[in-house]
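Asks: Next come the chains, spelled out residue by residue.
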Amino acid sequence: MSLEQSRDLPQPPAELFRPRVAAPPRLDARPPLSRGREVVRRLRQNRLALVGFWVIVVLTVMAVLGPALVPYAYDEQNLLEANEPPSGRHWFGTDDFGRDVFARTWTGARISLFVGFTAAFLDLVVGVLYGGISGYVGGTTDDVMMRLVDLLFGVPHLLATVLFMVVLGPGLFTIIIAMVATGWLGMARLVRGQVLQLRELEYVQAAHAIGVPFWRMLARHLVPNAMGPILVNVTLTVPAAIFTEAALSYLGLGVPLPLASWGTMTADALVTILTGQTWRLFFPAFFISLTMFAFNAFGDGLRDALDPRLKR
Amino acid sequence: MAVYLIRRVLLSLLTLWVIITLTFVLMHAIPGDPFASEARISPQALENLRRFYGLDQPLPVQYVKYLSNLIRLDLGRSLRSEVRDINQIIADGLPISALLGAEALLLAVLGGMTLGVLAALGHNRLLDHLSIGLAIIGISVPSFILATLLINVFAVQLGLLPVSTWGTWRHTVLPAVALGLAPLAYLARLTRSSMLEELSQDYVKAAIARGLSRPRVIVGHALRNALLPMVTVLGPLSAGILTGSFIIENIFGIPGIGKIFVLSISDRDYPLILSGAVVYSALLLAANFLVDVAYGVIDPRIRVLGGAR
Numbered sequence: 001m002s003l004e005q006s007r008d009l010p011q012p013p014a015e016l017f018r019p020r021v022a023a024p025p026r027l028d029a030r031p032p033l034s035r036g037r038e039v040v041r042r043l044r045q046n047r048l049a050l051v052g053f054w055v056i057v058v059l060t061v062m063a064v065l066g067p068a069l070v071p072y073a074y075d076e077q078n079l080l081e082a083n084e085p086p087s088g089r090h091w092f093g094t095d096d097f098g099r100d101v102f103a104r105t106w107t108g109a110r111i112s113l114f115v116g117f118t119a120a121f122l123d124l125v126v127g128v129l130y131g132g133i134s135g136y137v138g139g140t141t142d143d144v145m146m147r148l149v150d151l152l153f154g155v156p157h158l159l160a161t162v163l164f165m166v167v168l169g170p171g172l173f174t175i176i177i178a179m180v181a182t183g184w185l186g187m188a189r190l191v192r193g194q195v196l197q198l199r200e201l202e203y204v205q206a207a208h209a210i211g212v213p214f215w216r217m218l219a220r221h222l223v224p225n226a227m228g229p230i231l232v233n234v235t236l237t238v239p240a241a242i243f244t245e246a247a248l249s250y251l252g253l254g255v256p257l258p259l260a261s262w263g264t265m266t267a268d269a270l271v272t273i274l275t276g277q278t279w280r281l282f283f284p285a286f287f288i289s290l291t292m293f294a295f296n297a298f299g300d301g302l303r304d305a306l307d308p309r310l311k312r
Numbered sequence: 001m002a003v004y005l006i007r008r009v010l011l012s013l014l015t016l017w018v019i020i021t022l023t024f025v026l027m028h029a030i031p032g033d034p035f036a037s038e039a040r041i042s043p044q045a046l047e048n049l050r051r052f053y054g055l056d057q058p059l060p061v062q063y064v065k066y067l068s069n070l071i072r073l074d075l076g077r078s079l080r081s082e083v084r085d086i087n088q089i090i091a092d093g094l095p096i097s098a099l100l101g102a103e104a105l106l107l108a109v110l111g112g113m114t115l116g117v118l119a120a121l122g123h124n125r126l127l128d129h130l131s132i133g134l135a136i137i138g139i140s141v142p143s144f145i146l147a148t149l150l151i152n153v154f155a156v157q158l159g160l161l162p163v164s165t166w167g168t169w170r171h172t173v174l175p176a177v178a179l180g181l182a183p184l185a186y187l188a189r190l191t192r193s194s195m196l197e198e199l200s201q202d203y204v205k206a207a208i209a210r211g212l213s214r215p216r217v218i219v220g221h222a223l224r225n226a227l228l229p230m231v232t233v234l235g236p237l238s239a240g241i242l243t244g245s246f247i248i249e250n251i252f253g254i255p256g257i258g259k260i261f262v263l264s265i266s267d268r269d270y271p272l273i274l275s276g277a278v279v280y281s282a283l284l285l286a287a288n289f290l291v292d293v294a295y296g297v298i299d300p301r302i303r304v305l306g307g308a309r
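Taken in order, these protein sequences are the chains called A and B. Each residue of the first sequence is one higher than the one before, starting from 1 at the first, in our numbering. Each residue of the second sequence is one higher than the one before, starting from 1 at the first, in our numbering.
There's no promise every hint is true.
[Stated by the list, open to error] Selected chain A positions facing chain B (Cβ under 10 Å, derived; list incomplete):
| no. | residue |
| --- | --- |
| 1 | L151 |
| 2 | L152 |
| 3 | H157 |
| 4 | V166 |
| 5 | P229 |
| 6 | A247 |
| 7 | L251 |
| 8 | A269 |
| 9 | L274 |
For the record, the hints were derived by calculation from the structure and aren't laboratory data. The beta carbon of each residue, even a glycine, is placed where N, CA and C say it ideally should be.
When you get a sec, could you build the whole thing from the sequences and use the hints?
Replies: Structural data, given as structure tokens:
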């Protein structure tokens, strides 16, 4: 039957003719999304994660610009203007040395974010290398390397960090080193698990067969395909590192004075709950809580977006 | 099971030994002498002090001596504290820390699970919101800030509870809450999701279809299974509470081992730092070990897996 003829045939009313087979999916309605876009789409539906993301962006911008917005340095003392409440001159007030709390708060943000990002990045580098080698080489090497991780995993993290601080002395970089000294273990385990799964896949076997060297394999084939869980781990490492830095600084084991860390600012402002200059306590306490919230919310959202089955 | 247990004990002991050795090496790697900061000390007195603490001997000898003393549960002598015997210092501080930790853990477990179950049942949207709100506070507000807030509200503004130090049970309330709220929030969230998952299982529907009362199904069937994963997080949780006590005991001025440990660091009291690390690690490893054993006892599936490994 040609097309010409079919046009002349009487058509049955549409409501009587319902195909029993499900209609093929309408591809034009929504083109299939790539995995990355799918994740972004799911992430954007998660309001909490979205809030977290934008708070992180704003905090980062303020950490960069903040201290430059006021004409005071974070360590600039002016005893004539000590303990002034927030005003047009000092937006967040001043502390007992007359230092501008606004400048100090954003200097603290710089330190917190710097420590958080650097520690997470170093954890990533060490963990990916260690876990990647362990998982990819396998056999006895894997056994030995993982037993070592098991062994070190038993060491209490904060304790180890404190001990490293004692030996290395206080300072911004010693904190980071002390945290990475134990922090990479989780990442190494995670990467090894991922590599163990991936290396059985055909594309990895094929790459191995055509002689792709180990480093290239790790960088081009293994890590990109394990990026999801790794990214989640990194996002959740940042607030942990920020907390550790603040807690150590609070105890006087962190960054040396007069550098402004949210931890030292809170500790210095502890007396103000008796003397009344609560702005000195409020701003560092508020911003560290906000930062921790933002990273945790974003990290949780990212995990849900990458693996919808894990939905709470 | 027995093989698994023995393996776990050996691994824990090995970990403890690694920690002790690493800490020992680290402590002696610090440049300078522990007595270097003591002003106006004659060379002869310094010599005597060093001999008294055995610091004049070569490092391997000190190490072996330290280990053999440790096996006999002798932690040695503090360099600075008034009570010079470290065993005595730990014996004084440990019960205080243990009481505080137990209170915080109890609060976290009971409060977290109750809140989680109630939130999962979803009868009360307010409770659900409360559990989510608490979870957000628990993960975002660092314990030292929470402690400061609690002191400000309940001790300074309302005058209900003492600001700090240690004595009656009223002194324990604020530090226990400050220490336990984050784990409580975490547990509530975990219980809620675990409970939701169990409630959607077929066996719950089947039990209700058979005519069992809802409370009985919820408590007797779903909750039992939902609580299983909780046991695994108790290990890391008690670890968190243990190390959290560093900060909380310092804020509230509680004379527990957390405060002693931090004080020993600022005092550069090396034997005491070393002892603190050993005691903390031993406690933690013991907690982890107990949790593993408990989990094997509670859930037979784990026992099989553990035996097969």
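Asks: Given A:A269 was flagged as interface, is its beta-carbon under 10 Å from a beta-carbon of chain B?
Replies: Holds - the Cβ of A:A269 comes within 10 Å of chain B, reaching about 8 Å at its closest.
Asks: Can you verify the interface hint for A:P229: is its Cβ closer than 10 Å to any Cβ in chain B?
Replies: With Cβ-Cβ at 19 Å, over 10 Å, it is violated.
Asks: Identify whether the interface hint at A:L274 stands, where standing means a beta carbon of chain B within less than 10 Å of its own.
Replies: Nearest chain B Cβ about 7 Å off; hint holds.
Asks: Would the stated hint for A:L251 survive a check requiring a Cβ distance to chain B of less than 10 Å?
Replies: holds (6 Å)
Asks: Should the hint that A:L151 touches chain B count as held when the rule is a Cβ pair under 10 Å?
Replies: Holds, about 5 Å.
Asks: Does the nearest C-beta of chain B fall within a distance shorter than 10 Å of the C-beta of A:H157?
Replies: At 7 Å from the nearest chain B Cβ, A:H157 passes the 10 Å test, so the hint holds.
Asks: Does the closest beta carbon of chain B sit nearer than 10 Å to the beta carbon of A:A247?
Replies: For A:A247, the interface hint holds, since the closest Cβ of chain B sits about 6 Å away, which is under 10 Å.
Asks: Restraint: A:V166 near chain B, CB-CB cut 10 Å. Satisfied or not?
Replies: It holds, given that the least Cβ distance between A:V166 and chain B is near 6 Å, below 10 Å.
Asks: Tell me if A:L152 is really an interface residue toward chain B, meaning its C-beta lies closer than 10 Å to one of theirs.
Replies: This interface hint holds because 7 Å falls under the 10 Å limit.
When the structure is compared with the earlier hints, a violation turns up for hint 5 alone.
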